[in-house]
Structure formats: structure tokens, C-alpha cells
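Q: Given next are the chains, with one letter for each unit.
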Amino acid sequence: MKLTTTLLVGATALCLASFANSAAADGHGPSCGLNTGEAATGDPIKVGGINGNAPPGDFSGGTDAAAAYFDCVNANGGINGRPIEYIVENDQWNPELAGQVAAKLVNDEGVVALVGNGSVVSMAVNANLYKDEDVMVMASGCAISECYESSNIVSTNQGPLPSGIGALTYAVEELGTTNAACIGFNIPNNGGWACDWMEDYMSSQGLTGTSILMDPTAVDLNSVYLQALSEGADTILLMLPAGPAIGLLKVAEEQGGRDLFKWVSPTPLYEPGVAEVLGDYWNDNLYIHIELAPFDSDGADNQNWAAVVEAYGQDGDRRDTFSQSGYISAKFFVEALLELDADSIDRATVSDAIRAINGAESDLLCAPYYVGDADRHMPNSTGRMVAYTDGAFEVVRDCFTIESSYLEPIRAQEAALGITQ
Amino acid sequence: MVYGLFLVSGLAVGSLYALGGIGLVILRNSTGVLNFAYGAIAAFSAMFAWQVADWGLPGVISWISAVCIGILLSVAYGRLIAPSLAWREPAVKAIATLGYMLILLGLIGFIWEDALRKIDLPSDKIGIYLLGVRVTVTRIIAFVVSIGVVIGMVQYLRRSNMGLNMRALADNRDHAALLGIPIVRTESLAWGISGALAGFTGLIFGSLVRLEPTVITFMVIPAVAAAICGRLTSLPLTLAGGLFIGVAESMLTLYKPAAPLRTMAPFLIAALVILWMQRGQKLTFAKEV
Chain D
1 MKLTTTLLVG ATALCLASFA NSAAADGHGP SCGLNTGEAA TGDPIKVGGI
51 NGNAPPGDFS GGTDAAAAYF DCVNANGGIN GRPIEYIVEN DQWNPELAGQ
101 VAAKLVNDEG VVALVGNGSV VSMAVNANLY KDEDVMVMAS GCAISECYES
151 SNIVSTNQGP LPSGIGALTY AVEELGTTNA ACIGFNIPNN GGWACDWMED
201 YMSSQGLTGT SILMDPTAVD LNSVYLQALS EGADTILLML PAGPAIGLLK
251 VAEEQGGRDL FKWVSPTPLY EPGVAEVLGD YWNDNLYIHI ELAPFDSDGA
301 DNQNWAAVVE AYGQDGDRRD TFSQSGYISA KFFVEALLEL DADSIDRATV
351 SDAIRAINGA ESDLLCAPYY VGDADRHMPN STGRMVAYTD GAFEVVRDCF
401 TIESSYLEPI RAQEAALGIT Q
Chain X
1 MVYGLFLVSG LAVGSLYALG GIGLVILRNS TGVLNFAYGA IAAFSAMFAW
51 QVADWGLPGV ISWISAVCIG ILLSVAYGRL IAPSLAWREP AVKAIATLGY
101 MLILLGLIGF IWEDALRKID LPSDKIGIYL LGVRVTVTRI IAFVVSIGVV
151 IGMVQYLRRS NMGLNMRALA DNRDHAALLG IPIVRTESLA WGISGALAGF
201 TGLIFGSLVR LEPTVITFMV IPAVAAAICG RLTSLPLTLA GGLFIGVAES
251 MLTLYKPAAP LRTMAPFLIA ALVILWMQRG QKLTFAKEV
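Residue numbers (our numbering), protein chains in the order written: chain D, 1 to 421; chain X, 1 to 289.
Take the hints with a grain of salt, since some may be wrong.
What the hints assert, rightly or not - Which residues of chain X face chain D? A few of them, derived with a C-beta cut under 10 Å, are: (1) E89; (2) P90; (3) D114; (4) G127; (5) I183; (6) I221; (7) P222; (8) M251; (9) P260; (10) R262; (11) T263; (12) L272; (13) L275; (14) Q278.
Hints were generated in silico from the structure; no laboratory data involved.
Predicted, not measured: the structure shown is a model, and the values here were computed from it.
We treat Cβ as the ideally placed atom computed from N, Cα and C, and that holds for glycine.
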């Protein structure tokens, strides 16, 4: 009986959500969860989120969007009447603080899950805690191997590895790349990790790949550029956050390097405002792999993301890929919770519900999203390519699958779950 | 040929380190303060210059504002905080500036949210080819100014009354005070000159490297290394140290196993210089001020 009720409630919720999404696409305002238009007043469900927001970077887009979506859900019936109490902590990129805030959320607050996380430090420090406490993390902004090689972390964003190889795939197939230099940060499990797999990819294609790693605070970007030149590379893969990537592009501009290399980048360089700092010089000479739909896509979910952030976000909230990613994580999380009996929601049932996510769809993603019960997760490993043209980004290749031997275990999981990329 | 590329590239970055080091040495010579907030002052100045340009004011105003805000921030510390630490040990004075650095870094984060920005100078667009590397006029300006400041400051310290006062303060603050040297005025001037250099360095750094406050703030590390090469007293040696660090860092790029570790170059060079220069002589940090 209880199962039947749960299924009925879940089915109703999904129908309402689908209807609501269509409504949002028709321009009727944001659509969230049950979309009842009535505020949830029941016993709150505690959900955590950890971001890194301090110099040198602000990764709060994921938690900002998740907060906006949860507010919207709470204003629209909540989780079958129960509101989500979203507790967000900022670890300020400090490993000690990252451990403290995770312990606070997981042990003291007893959150049922963490959603929208965007801190590489927190992922590295707390992966074992999440596993030991069996709390699932539906992250949104990550860039190190721990995010993708942990049983209890599933990140909607791709990180540098698939996105970088996606960019390189395009360069090899469309731009004629034969020798690529991957410029990345010398950060454990970040630049070296992603660039090593880039070399593996190039080698698998019978081509040449070289890693050029630099310290995050490196000042002498000119030498990094010159190193790529001396390596004989014909393509530069900017496996870097947007700031240093822009710095390197500026050095290349100084040296007239636009025509000496093909320039490709993973998602970080696809950011609002990047066109203003790039200028005309890079027109038609910079290609970026994007792991989610373009910001101006007219897909229903992308439109709803924009509407939710507009209606429920704060003025200072970032509207970037992490924000889109946070929205998706929050949306799939809510959909998973709506399938549960509201009274039975606790950490164990929520973790199981998250692991049971399979085949969730969004126009922000190129392929169905899934979690499953596995020792690693990477549900988003497809993407699109955009070219920088006339001060804007134009899609030059729609959704395509990224191939790398790193992804073999992921593809095996997908096959077992009946997912096709 | 390839060495020439990296030599020119290293000199360009080294001149930025040298500029930072020179600002530190000028200040320490007069006040005894090793200012770890130098990079943060430079970062604040660069961000302020960007802000002024973003408000639509002419480029010249934004460049001047960088220097002015550098002077303001530096003199503010020199007048409001430094005097209360005047009689403390050099290490305490230095550590206090770390606090100021954190305050400024926090203020920058509070005022300017993390976003992509850049400073474009007209001199970025003009350049000459030297040993195969295109050297922009901005880089040439940084190089020429670093040499010009060293020559100018050495002459100023030798020939002007205020320079004499500064040297007297550097030798012994107590005796200088007893002789009637206007300590506050002299120190304020030193803070101002150092702040102006920080503002200028931040502006050039923001244009040449990238406009990221954290990166500019921690530019103080190689700058301190350059200053240590000059034993925190000699401007010409600081200039040489900064240039050498820049070139060494650049050249290490050519040796692939060492390339990812090349940011260690300033520390290694500074440590070696300390060991070499204080053979049986006075200790670098033990000087009474």
C-alpha cells in the first residue's frame, strides 16, 4: 500500500514537473518541483552545500543556483509539503575549514545529502567522510580526480579531463591537429591528471601530446608560451581556469601567436564576460568545448534555469556553467526526493534514491543523467563545441561523445544501466 | 637562438620582480619595515585603475589613479599603524604588514567580485622584435623604469637632504631622532615612494601578466627574493637580483623536469645569495634600525 502511494505521489510529481517545465518554456515563469504555487510548511529537510568563495576564485555558482531552485521548490509545495532547509558553507579554499564545515553539515546538522557543491578543496578533503557516513554529494563544480573517482560524489560538471579531451577531439577531427601541448596547473589530481590523459588520447590516435604544467601563481606566462613553441606543438589546449587562460591568450596575442597554433579549451573559458576581455583578435580562432547547453539556448530547462535564478537568486549570483550545473543537480535531487514518502526521508533513503537516479533528462545535458551504485561517477561526458566569433560564441558541433580510455569504466557502468551516450 | 627567446622573456618578467624589490628596499632602508603588503597594495591599485577605466574615465586618469591609490594605501599604513610598531623588532614589523596584506586582500574580494578583467595599455599594442621575441613597449617601460628608479633613487639618497635623512634613519633611528631629523616626514616620504612604485608595478603587472588580485599580491614573494639578493639595502643589487631571478625562472622552462618547479627559483636563488653574501659578515635580518 505504502509502495503504491509512493509511486502515485512520485508519478503525480513527475507529471506536474513535466507540465511545469513546459509552462516555463512557454514563458510562464519559473517552474519547480510540484509547482503547486503554495509554500511548503512541513518539517524541513536539511540539505547541505559547500562552495569555495575566496581569492583566488569564486565557485559559488552551483550552490547559488541550487539555493534559488530550492527556494522555488519551497514556494511550490516543497517535497510533498516539506520544505528544504539548504545550509551552505564556504570553505574559502582552506583544507582545515573544508573539513570543519563538512563535519558540521554531515555530523552536527545531519543533512540528508549535499547538493551544488563547488569546491575542489572540499572534495579532496572530505571524500572519505562522505563515504564513511554514506552521504551522497550531488556536486556541480569540480576539477580534480577525487570528484569523479569517489563512490559518494557525483558531479554534474565534467571537470577538465573529458571537456579537454572533447576540445582536442574536435581539434584533431576538424582542425587537423597532430601535436598538441596541454597547458595546465601543477596541482595534484588536476592539471597533471587531465594532461596525462590528454597525452594518452593523442597517443591512442597515433599523434603527439605534451604536457606543460605551471604553478597557479606563475607570473612568467611568456615562458610557458615559448615552451609550447619550442615543443613544436601545432595546437594549444588551455587546461586552465579562465583567468590564467586569458593571461596566456594575451601573451600569445603579444607574440602574434594566433596563427602559429590552433587554440582550444575546455569549458572554463566559456564564461559570461569572456568576450569583453578577448576582443576581436581571437575571432574564429578559439574553440571551446562546453559541457552544458549554451547560456542562450532556448531549451526548456535552460530557460527555466534562467527564470529560477532571476526570480529566486540574488543580484550577485553568478550565471555561469557552475550555475547551470547547480540547477541540474538540485532539480534531479528534488525529483529523486519527490519519489519518496515524505515521512520516510532520511539520509539512508535519500542516498538510495540518489543512487537510483537513472536516465534523468535535461536539455542542458547531451545525454541522460544517472548515478548508480559505483566506486566512481561521471554522468556527464558528452558536450558541444563553440567557436568564438564576432564577440560571441557560436555552436560549431552539437552534442558528441568523448572517447578516452579513462572513460572505459564509465561506459561499462552506462551499459549496465542501459544508458546510451 | 632559443636561449635568446627565453633570456628576453626572463628579463621582461625579472624587471617586474626588480621593481617590486626596489620598492621594498627603499622602504626598508628608511623605516626598517619589510612590507609584505607591497603586493596587495599593487593589486588594489591595479583593481582601482581597472575600476576607473570601467567608469569610462580616460586611460591617463586610470593610470595615475593606480599610482595615487598605491601612495594612499602605503602612506596610510605608514602613518596610522607603522609608528606604533616603530620600536619593535624587524620581524614584528614585517609580520604586521602581513596582517595589512590580508585586510587589503579581503577588501579587494569584498569590493570586486571574482570576474574576468584586464587592463589594456596603449603600449601593449606596440612592440619590437628582440632575439625572436616580440617585446611590447609596456615590457620595455617596466625594464627602463626599474633601471631609472635605481639610478634616480641612488642619486636622490646621495645628493638630497631628504636622501641624507633617509640614510640617517636607515643607519640608526635613535640617533637620527636625537639629531633632529624629521622622522615622520622622512618615513612618510619613503612610504609614499614605495606606494607609488607598488601602484605602478600593479598597473604594469595587471597588464602584462593578468589582472588577478591574488596573483599580483603574491608577486611580493619573488620581489622579496630580489630584495634579499640586494641584502635589503642595495638598490643596484636588488635590480640585478630581480632580473637574474626572472631569467633563471624563464631558462628553467627549457629543462622539462624542472619546468613545473621553476617558481621555486626565487627562493633557491635568495637562499644561495644569503649564504654567499653573509660569509662571516653581518646577518641580513639582525640589523638594528
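Q: Run every hint past the structure and note whether it holds.
A: Hints and how they fare:
no.: 1; hint: E89; in the structure: violated (29 Å)
no.: 2; hint: P90; in the structure: violated (26 Å)
no.: 3; hint: D114; in the structure: holds (4 Å)
no.: 4; hint: G127; in the structure: holds (7 Å)
no.: 5; hint: I183; in the structure: violated (35 Å)
no.: 6; hint: I221; in the structure: holds (8 Å)
no.: 7; hint: P222; in the structure: holds (7 Å)
no.: 8; hint: M251; in the structure: holds (8 Å)
no.: 9; hint: P260; in the structure: holds (4 Å)
no.: 10; hint: R262; in the structure: holds (8 Å)
no.: 11; hint: T263; in the structure: holds (4 Å)
no.: 12; hint: L272; in the structure: violated (20 Å)
no.: 13; hint: L275; in the structure: violated (24 Å)
no.: 14; hint: Q278; in the structure: violated (28 Å)
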